[in-house]
Amino acid sequence: MTVMVEAQKVRKHFGHLQVLRGISLQVPTGGVVCLIGPSGSGKSTFLRCINHLEKIDGGRLYVDGELVGYKQKGDKLYELKDSEVCNKRAEIGMVFQSFNLFPHLTARENVAIAPMRVKHESKAAAAERAVELLARVGLADKAGVYPRQLSGGQQQRVAIARAMAMEPKLMLFDEPTSALDPELVGEVLDVILKLAEDGMTMIVVTHEMGFAREVASSVVFMDGGCAVESGTPNEIITNPQHERTKSFLSKVL
Amino acid sequence: MSTPVVLGTAEDSEAESIVAIPVRHYWRWVGAVACLFVAFLVVRLFALSPNIQWSDVWHYVAARPILQGLELTIVFTVFAMALGVALGVVIAVMRMSVNPVLSAVSWFYIWLFRGTPLLLQILILYNIALILPRVGIGIPYTAVWSSTATNNIMTAAVVAVLALGLNEGAYMAEIVRAGIQVIDHGQTEAGLALGMKRSLLFRLIVLPQAMRAIIPPTGNELIGMLKNTSLVSVIAAEELLTKAQIIYAGNFKVIELLIVAAFWYLLVTTVLTFGQFYVERHYARGASNRALPPTPLQRLKAQFRWVGARVPRTGGGE
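Residue numbers (this note's numbering), protein chains in the order written: chain A, 1 to 253; chain B, 1 to 318.
In case anyone wonders, no lab produced these hints; they're calculated from the structure. You may find that some hints are simply not true.
Below, in silico cross-link-like pairs of lysine to aspartate or glutamate (EDC-like), each with a Cα-Cα straight-line distance of 20 Å or less [said to hold, decoys possible]: (1) A:Lys88 x B:Glu189; (2) A:Lys81 x A:Asp57; (3) B:Lys197 x A:Glu167.
Since this is a predicted model, take the numbers as computed values, not measurements.
Generate the whole structure from the sequences, applying the supplied hints.
Structure follows, in structure tokens:
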């Protein structure tokens with residue numbers, strides 16, 4: 001088993017507020033880990049640390065065997081240069097709660113822009129693959145449409161296609177369905193499920209317990225900046241051991 | 001109380017349309033009449049005044065020196081505005097920089113150029129030779145390869161464009177900064193997550209979206225700039241107002257020539273106003289799923305349609 005993400009006692013604080021208090025976990029290549037837990041438990045912050053959107057203050061974080069944010073030479077740590085951080089981010093896809101599509105670009109341009117301008121693919125090749133990816137998320141007919149003319153579920157599916165266009169080795173989902181009307185949640189979860197079946201390594205922050213049960217290879221329950229317990233979906237969701245997990249699940253299930 | 005409140009579920013197309021007598025707004029009529037009366041008095045004052053020779057106004061409106069002055073006014077406006085916009089973007093980016101020195105320098109620039117009158121800045125720049133008599137190219141404190149008297153370079157026209165442009169840079173910087181700050185931080189994060197560098201992100205994602213917020217006040221600034229060029233008449237830069245002043249200094253037809261100048265400023269401003277409307281309309285595309293606002297021509301047509309049909313309208317349009 002190869003490991004895609006490894007966190008060793010990761011700590012992060014904003015001023016005096018301790019957001020992550022020593023998170024240790026492993027995500028195997030091809031695995032799907034769902035992070036569950038109450039708001040403010042540090043789930044999203046942890047996800048953002050993996051993608052260099054936040055810097056960690058302690059512990060070690062590895063993606064695909066390489067240290068996140070730093071280079072180690074001998075026993076000294078060197079901060080990564082901006083260009084090195086950009087290169088690492090380009091290999092990790094991220095999907096946000098609020099979609100964050102670029103409103104001045106059409107769906108196709110949203111998907112094609114990063115391959116074109118970051119990976120320097122030709123315009124024709126990028127556009128062609130953008131249409132393919134949009135077809136994969138069921139939006140072949142919306143290629144020329146601007147994001148504001150799409151429903152929330154459609155926007156989030158474009159956002160997933162946009163992240164997939166960079167051919168990432170890891171996908172991070174930060175509450176991908178929390179901003180959606182209940183009616184539209186299913187169509188987005190179906191797309192994520194399909195990615196999981198195709199073997200994509202994923203970390204998903206979610207409040208959809210049914211989805212977590214279906215898609216996750218393991219579930220981690222977080223609270224107060226700590227990973228309280230982890231295991232298979234069955235162990236955590238159906239049969240939690242910890243009191244805190246039990247009381248959280250009794251409220252959301 | 002527990003009975004359902006839905007009384008019918010089928011679509012009800014038989015529902016009667018409302019026909020009602022509209023409320024009469026008498027005070028609106030009083031206000032309109034009062035305004036028209038004042039307007040009539042003002043027009044009458046100008047039209048019948050024995051001290052305005054309208055034939056002289058017509059005579060000078062297309063006179064050669066006036067048109068030359070107008071040309072220079074437009075040239076000053078274009079170059080000073082170009083300088084102002086370029087400076088504005090640079091200063092705005094510096095202002096938001098994480099580098100405290102760059103940020104402080106841009107703060108100081110804005111403070112200095114917004115904090116003193118434009119007229120004063122024009123005069124200082126015009127007299128810059130008093131503190132900087134010669135300018136040259138070389139390495140500071142060592143060699144000077146070539147130099148010349150400052151006054152050879154700082155002609156009235158150069159001072160005009162420089163002073164107007166430097167001043168405009170401070171105002172444009174604030175407009176650009178406001179435009180950039182409107183953009184949701186999620187846009188930056190999404191771009192970063194795709195591996196974009198900061199400079200690429202700014203060019204591809206942030207600036208094109210900020211343009212929508214930047215264009216309308218910039219149109220305002222452009223119209224302001226057109227009129228501010230008249231301030232350089234204090235250094236005799238031969239633009240429209242200076243030309244008018246030179247002519248009336250000789251023939252004492254003061255009001256007539258000021259009216260000529262006013263006519264041209266109004267005409268150019270009108271053209272710019274229309275231009276601004278269409279530029280804004282262009283940038284509104286894709287920005288909202290509502291229909292674009294009607295053009296003035298479309299609005300005029302709608303007005304005539306309304307006048308044509310006096311019957312109180314009841315149903316919902318076409």
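Task: Pairwise hint evaluation, A:Asp57 against A:Lys81, where the allowed Cα distance is 20 Å at most - done: Holds: A:Lys81 and A:Asp57 sit about 18 Å apart, inside 20 Å.
- [ ] Compare the distance between the alpha carbons of A:Lys88 and B:Glu189 with 20 Å, and conclude whether the hinted pair is satisfied.
- [x] holds, 15 Å
Task: 20 Å limit on alpha-carbon distance, applied to hinted pair B:Lys197 and A:Glu167 - done: holds, 18 Å
Checked against the numbered hints given earlier, this structure breaks none of them.
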